[in-house]
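Protein sequence lines, in the order shown, are assigned to chains A and B. Residue 84 in this note's numbering is what sits at position 84 of the first sequence, and the numbering runs on without skipping anything. Residue 150 in this note's numbering is what sits at position 50 of the second sequence, and the numbering runs on without skipping anything.
What the hints contain is simulated information worked out from the structure, not anything from laboratory work. Just so it is clear, CB atoms sit at the ideal spot from N, CA and C, and this is done for glycine as well. One should not assume that every hint holds.
Stated by the list, open to error - Now the stretches of chain B that chain A is said to cover, found in silico as 3 or more residues with beta-carbon under 8 Å:
{"id": "1", "segment": "110–121"}
{"id": "2", "segment": "124–137"}
{"id": "3", "segment": "146–153"}
{"id": "4", "segment": "156–163"}
Number of protein chains: 2
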Amino acid sequence: MFVILVYDVNQKRVAKVLKKCRQYLNWVQNSVLEGEISDANLKKLKMELEKIIRNDEDSVIFYCLRTTKYSSREIMGLKKGGDENII
Amino acid sequence: MFVILVYDVNQKRVAKVLKKCRQYLNWVQNSVLEGEISDANLKKLKMELEKIIRNDEDSVIFYCLRTTKYSSREIMGLKKGGDENII
């Protein structure tokens, strides 16, 4: 499936969270990653993030798209990340 | 359509961008908004944002979902925004 991940975590944990997410997804923009990921890997990523983030301070949102047939992405302004996986 | 908007703009323009986006979408998390929006309003929002952001410094991404039938949203950790429009 295609996942858009957005995180909002304490500065102390940003580097760790970003590093972990980049193992599975492509960085798009400050605090946003996206990409194709298997159910198994998504589960793994969530488990690993759970060990890093603090539930009372941090927030991570996963938008899971079973298909990208009905979606598109548009960027206004600066294009920051790579676009290997444009939907 | 359903839109997920993520912005990464210079601190100087954050308040203006957020205020403008909130006129059309629901705030979910730091720099993320989402919601149902008509084609006409999306066009309007883009035109208005174009006047606020600087193309060489700022970035705004729109993920447009023609249907939310194939998508889901999951939040880990803190739930910050409202959830009037959970997909």
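Three-residue Cβ test at 8 Å for the coverage of the segment 110–121 of chain B by chain A: violated (count 0)
Assertion that chain A covers the segment 156–163 of chain B - criterion: three or more residues, beta-carbon distance below 8 Å: holds (count 8)
Coverage criterion applied to the segment 124–137 of chain B (partner chain A; beta-carbon cut 8 Å; 3 residues): holds (count 5)
Coverage claim, chain A over the segment 146–153 of chain B, checked by counting residues with Cβ within 8 Å (three needed): holds (count 4)
Comparing the model with each earlier hint shows a violation of hint 1 alone; every other hint is respected.
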